[in-house]
Amino acid sequence: MKLSQEILEEIFEVTRQVDRGDITLTKGRDDLVRAYGLNSNSANMTIRSLRHMLNGERYRRALTLDATDYFLDRIREEYGSNGLQKALAGLSAHIFYRHSTGVAVPGLQTILAKHSK
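Read the sequence shown against UniProt numbering and you will find it ends at 117, with the numbers running on by one and no gaps.
Possibly wrong hints are sitting among the right ones.
[To be verified] Across the chosen pairs, the derived CB separations fall in these ranges: (1) Ala35 with Ser81: 27 to 35 Å; (2) Lys114 with Thr24: 28 to 36 Å; (3) Gln17 with Ala89: 35 to 43 Å.
By construction, these hints were calculated from the structure, which means they are not laboratory data.
The beta carbon of each residue, even a glycine, is placed where N, CA and C say it ideally should be.
Could you put the whole structure together from the sequences, leaning on the hints where they help?
Next comes the structure, spelled out in structure tokens:
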């Protein structure tokens with residue numbers, strides 16, 4: 001399922017609520033499943049990956065290129081350059097992880113370069 005702009009916006013907002021402790025991961029996941037028909041595991045993993053990105057941590061589950069680019073744009077808007085730098089550190093760690101498993105990720109490297117300017 002391709003994630004629309006509306007769904008990406010909602011995933012971002014739900015993840016922010018989970019990250020702040022306003023709602024649980026389970027509630028956020030269930031809300032996304034109910035509202036948009038997302039697969040429960042996919043919703044869960046997307047929230048987890050975005051949380052890791054927000055905190056500058058490596059994540060293992062790949063996000064789509066469109067989602068990664070959108071989330072970085074929103075992080076810059078909501079958290080400023082410091083938040084973006086944290087997120088880029090998380091993305092860099094993810095790229096390194098993917099390379100260590102033998103997976104080339106030129107699209108992610110392009111997104112990293114775009115947002116590092």
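Exercise. Regarding Lys114 and Thr24, is the given constraint of 28 to 36 Å on their beta-carbon distance met?
Worked result: 33 Å, holds
Problem set entry | Outcome for the supplied range 35 to 43 Å, where the beta carbon pair is Gln17 and Ala89 | 23 Å, violated
For this session: Confirm or reject the claim that Ala35 and Ser81 have a C-beta distance inside 27 to 35 Å.
Result: 32 Å, holds
Hint compliance for this structure: hint 3 is the single one not met.
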